[in-house]
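Same order as they appear, the protein sequences are chains A and B. Just so you know, we're using our numbering here: the first sequence kicks off at 1 and counts up by one. Just so you know, we're using our numbering here: the second sequence kicks off at 1001 and counts up by one.
FYI, nobody ran anything at the bench for these hints, they're computed from the structure. Each residue gets a CB set at the ideal place from its N, CA and C atoms; glycine is no exception. Keep in mind that the hints are not guaranteed to be accurate.
Not everything, but these chain A residues come out facing chain B in the computed CB check (under 7 Å) [said to hold, decoys possible]:
| # | residue |
| --- | --- |
| 1 | LEU3 |
| 2 | GLY4 |
| 3 | PHE49 |
| 4 | ARG52 |
| 5 | GLU58 |
| 6 | ILE59 |
| 7 | GLU74 |
| 8 | MET77 |
| 9 | ASP81 |
| 10 | ALA88 |
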Amino acid sequence: MCLGVPGRVIEVHGATATVDFFGVRRETRLDVVDEPVGPGDYILNHVGFAIRKIPAHEIQETLALYELLLKEAEGDMMAADVRGEITASRDQGGEDA
Amino acid sequence: MPEVLLAAGASELRFRDPAKARALSAALGRVTAEIGRAPVSVMHVCGSHEQSIAKFGLRAVLPRDLNVIMGPGCPVCVTDVPEVDEAIVLAQDGVRIATYGDMLKVPGTVGSLADAQAAGAKVDVVYSAAQAVELARDTTEAVVFFASGFETTAVATAAVVLADPPANFSVLSAHKYIPPVMEIVAEMPGTKVEGFLAAGHAATITGSAIFERFVERHKIPVVVAGFEPLDILSGLVKLVELVRDKTPRVENMFPRCVTPEGNRNAQAHLWRVFRTVGGNWRGIAHVPNGNLRLRDEFAGVDARKKYRIDVRRLWTRAPSALTQTCICGTIMAGIASPHDCPLFGKACLPDAPVGACMVSSEGTCKIWYQYGGHPNL
Chain A
1 MCLGVPGRVI EVHGATATVD FFGVRRETRL DVVDEPVGPG DYILNHVGFA
51 IRKIPAHEIQ ETLALYELLL KEAEGDMMAA DVRGEITASR DQGGEDA
Chain B
1001 MPEVLLAAGA SELRFRDPAK ARALSAALGR VTAEIGRAPV SVMHVCGSHE
1051 QSIAKFGLRA VLPRDLNVIM GPGCPVCVTD VPEVDEAIVL AQDGVRIATY
1101 GDMLKVPGTV GSLADAQAAG AKVDVVYSAA QAVELARDTT EAVVFFASGF
1151 ETTAVATAAV VLADPPANFS VLSAHKYIPP VMEIVAEMPG TKVEGFLAAG
1201 HAATITGSAI FERFVERHKI PVVVAGFEPL DILSGLVKLV ELVRDKTPRV
1251 ENMFPRCVTP EGNRNAQAHL WRVFRTVGGN WRGIAHVPNG NLRLRDEFAG
1301 VDARKKYRID VRRLWTRAPS ALTQTCICGT IMAGIASPHD CPLFGKACLP
1351 DAPVGACMVS SEGTCKIWYQ YGGHPNL
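Please model the complete structure; the sequences and the hints are all you need to start from.
Spelled out as C-alpha cells, the structure:
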C-alpha cells in the first residue's frame, strides 16, 4: 500500500536506523532516504525503507491520519494495512476478514 | 451531509473539520455544475486513495454528476497471470519463494501460490525486500523474491539488489510503472477520463514533475493529493477546476510531502537497477514501458536469467469458468464497477477470491466489499 507509516528515529547505525512507530521499535533501512537523518527526526517508512525525512513543521499534520486510523477496530482494512506497516508483518494474504 | 465525516469522531483534527468538509463539498458541486455537462469523470490510481474514499464515505458528499473512478492502482491486481505462473513454476521446482502477503492468493492460470504452498512448495510471506534477503542469508537454499508493486516499492527492491545480496538470492520482478498505464487508460474509448488524481506518497519519490509529459501529450490535468478525506476533497476541487477551465496542468496539492523533483536518491536507485519494458497488465492491456525489469548487468540477481522458467506446463489445464467471468480488468479501466460483476460478493469473496481485485486490500472489489463502495443516496 502506498500510505506508508511515519516514525521517529531513535538511533542510526550505518545504513539502518532503529525507528519508533507509534510505540513499536524496529529497524528501517536508510538506503533511499532523501536526506541524512539522525535521532529525533521523523521519517516516512514504506516496506521497511525510509523514503522521506519529514520536515519538523509537518510532523503533527502527518501523524494525524495515522493516529485516527489506529483507533479503529482490528477488522478495519485501512487500519490493518497501517498496523501491518508498523509491525512489519502481514498476515498471509493480508486477510483481515 | 457531514455526518459521515463526523461519525468517526476526532473532530479536533483539521482534516475532520466538518465546516471545511462542507465548504469543499459545496465548492465541488459548484465547480462541477459550472462545467455544464454530465457526467464528469476523473480517475485516481491508488489503493490507499480508494480505501480513504470508501472508508470515509466520500462518495456520499460528491456531486451526482462527478464520477470518481479507481483505475489500475492496485499493483497486486495488475500482476499478469503468466507472472504468477512463473513464481508457481519456480516454487514447484523447489525454489523457495519470498513474496508480499497479498501475492499468495492471486490466481495464475491454474491455482495460486497459496495452492502451490498447500501442495508442498516453499513460499514465505515477507513484509520487505530486506526480509527476503535475510531469509536467503539464513539458508543455503535458493531464494527468489517475487517482487510486486509500483515504482515506490520497486525502489526497495533496487536497494537490496545494490546492497550486495548473497549468491542464492534473486528477484522475479513483477514491478509496474504507473505513468505509462495512465496513457493507456486515457486513450481507452470507453473510459472518458478527464483528469487524474495522483497518489501523494508515490509522488514523494517520483516528484510531481513526472506527470508533466503526460499532461502535455494528453491535455488532461493531474493533481497530486494526500490521503486524508479533506486532502482528497481539496484535490478533487482543484482537479475539477482545471477541467472546467480547460487548463490542463500538474498541480501539487500535497506539498507537505511532495516536491516537483521528488526523492532523487530513491530515483537513482530505481533506474540504476531497473529499466522499463512493455508488458501485459492483467485485464487492462499491453502497456508499453509499463513493466520494470532488471537491467542486464544484474543478470546474476535476475531469476529470469538465472533459471529456465517454462510456464507452459501450467497451460495444459484450462482456467476455471468462474475466472473467465471476472470483470476485474474492466473495473480497473474505469468502465465498470464491482456492482456490475455477477460474481461480486457472491461467488467472489475476500476469503475465496476469483479475481485479483478481491485479493488485495488495495483492490477495488475488496475495498468495496469491506466499506460498501457507493452509498445509497
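Do the hints match the structure? See the list:
{"no.": "1", "hint": "LEU3", "in the structure": "holds (4 Å)"}
{"no.": "2", "hint": "GLY4", "in the structure": "holds (5 Å)"}
{"no.": "3", "hint": "PHE49", "in the structure": "holds (5 Å)"}
{"no.": "4", "hint": "ARG52", "in the structure": "holds (5 Å)"}
{"no.": "5", "hint": "GLU58", "in the structure": "holds (4 Å)"}
{"no.": "6", "hint": "ILE59", "in the structure": "violated (10 Å)"}
{"no.": "7", "hint": "GLU74", "in the structure": "violated (13 Å)"}
{"no.": "8", "hint": "MET77", "in the structure": "holds (5 Å)"}
{"no.": "9", "hint": "ASP81", "in the structure": "holds (5 Å)"}
{"no.": "10", "hint": "ALA88", "in the structure": "holds (5 Å)"}
In summary, the structure is inconsistent with hints 6 and 7 from the numbered list given earlier, while agreeing with the others.
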